[in-house]
Amino acid sequence: MINYALAIGFIAVSLALLMNLWRLATGPTVMDRVLAVDTMVINTIALIILYGIRESTAVYFESALLMAMFGFISTVAYCRFVLRGDVIE
Amino acid sequence: MNIYIEALIAFHIILGAFFIFVGSFGMIKLPELMSRLHGPSKATTLGVGGFLVGSMIHFGATEGRISIQEILITFFLFITAPVTAHFIAKAYMHAELKPEKLPKPEGRYGWNTYTSVEDVKLAARDQATGSDLQG
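In order, the protein sequences belong to chains A and B.
At position 21 of the first sequence the residue is numbered 21 (my numbering), and the sequence of numbers has no breaks.
At position 88 of the second sequence the residue is numbered 88 (my numbering), and the sequence of numbers has no breaks.
The following block holds chain A by itself, in its conformation from the complex:
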C-alpha cells in the first residue's frame, strides 16, 4: 500500500516541479521567478523525504535539512538584492 502512495506522491511532486519550472520560465516579474525558485526548493525537500521513506534510511533527512536552510537563505538574499541592490551592506 505504501508503494502505491509513494508512486502517487512522486508523480504529484514531479508535476508540481514542472509547474514551478513553467512559472520560472514565463514569470512576468523578477519576484515571480524568486517565488518559483523558493517553491522548487521546498518541492525538492518533499522529493528527498519521499525517497528516504522508499529506501527506509534516515540518511536523507540531513540533506533535506541542508536544502531547507540553503533555500531560505538564498530566497532572503534574492529578495534583499531586489529590495536594496546589495546583499550585505
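Read the hints as simulated data drawn from the structure, not as lab findings.
A hint or two may mislead.
[What the hints assert, rightly or not] A short, non-exhaustive set of chain B residues, derived as facing chain A with CB atoms under 10 Å:
no.	residue
1	16
2	20
3	23
4	24
5	25
6	32
7	48
8	79
9	98
10	102
11	105
12	110
13	114
From the three backbone atoms N, C-alpha and C, an ideal C-beta is built for every residue, glycine too.
Since chain A is already given, all that's left is putting chain B on it; use the hints.
Below, chain B without anything else, positioned relative to chain A:
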C-alpha cells in the same frame, strides 16, 4: 507492519501529495503575484508537513524510535515559510507597485513599508516638538 499503520502512512503521503500539487497549481493559475504567494507559502508547506508526519510514523513503526530530524525540518519550514513570503511581498511592493495605486490605510501615516528612515526620524522629532506637520 500492521495494515492500519500502513494505511495511516499512505493516507499522510497522499494528503501531502495533494497539498503540494494544489500549491504549485495555484502558483501557475492565479493572476498576479500577491495572490500567487498564497499557494507556496501555505499549501506547499502543509504538504511537506504531511510527508514528514508520514515519514515519522514510518520510521517509528519500522525502527521503533522517534527520529528527531523530521521535527527539526518541520519546525524550520514552518518558521521560514512566513518570513520568505513576507520578504517576497515586500520586495514586490517596492519593485512593482506604486503607493498611489494602493488602498489608503487609516490613520495619519501611510504605508509603513514605503516610509524611509528619515521620515520616521522626522515624525519622531515632530512628535517631540509638538508641531503638526504630518498630514
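To see whether the hints hold, each was checked on the structure:
The beta carbon of residue 16/B is positioned within 10 Å of a beta carbon in chain A (closest approach about 7 Å), and the interface hint is therefore held. Proximity of residue 20/B to chain A holds as hinted, the smallest CB-CB distance being about 5 Å (cut-off 10 Å). Given the 10 Å rule on beta carbons, the hint for residue 23/B holds: about 7 Å separates it from the nearest Cβ of chain A. At its closest, the beta carbon of residue 24/B sits 4 Å from a beta carbon of chain A; the interface hint therefore holds under the 10 Å criterion.
Interface hint at residue 25/B: satisfied, since its Cβ lies 6 Å from the closest Cβ of chain A, which is below the 10 Å cut-off. Here the hint on residue 32/B is kept, as its CB sits about 9 Å from the closest CB of chain A, short of 10 Å. A distance limit of 10 Å between C-beta atoms decides the matter here; for residue 48/B the minimum to chain A is near 5 Å, and the interface restraint holds. The interface hint given for residue 79/B is met, as the beta carbon of that residue sits about 9 Å from the closest beta carbon of chain A, less than 10 Å.
Interface restraint check for residue 98/B: the shortest CB-CB distance to chain A comes to about 14 Å, outside 10 Å, so the restraint is violated. Evaluation of the residue 102/B hint against chain A yields a violated restraint, the C-beta minimum of about 16 Å exceeding 10 Å. For residue 105/B, the shortest C-beta to C-beta distance to chain A is roughly 21 Å, which exceeds 10 Å, and the interface hint is violated. With its C-beta approaching chain A no nearer than about 18 Å, residue 110/B sits outside the 10 Å limit, and its interface hint is violated.
Checking residue 114/B against chain A by beta carbon gives a least distance of about 12 Å; that is not within 10 Å, so the hint is violated.
Violation of the numbered hints given earlier is confined to hints 9, 10, 11, 12, 13; the remaining hints are satisfied by the structure.
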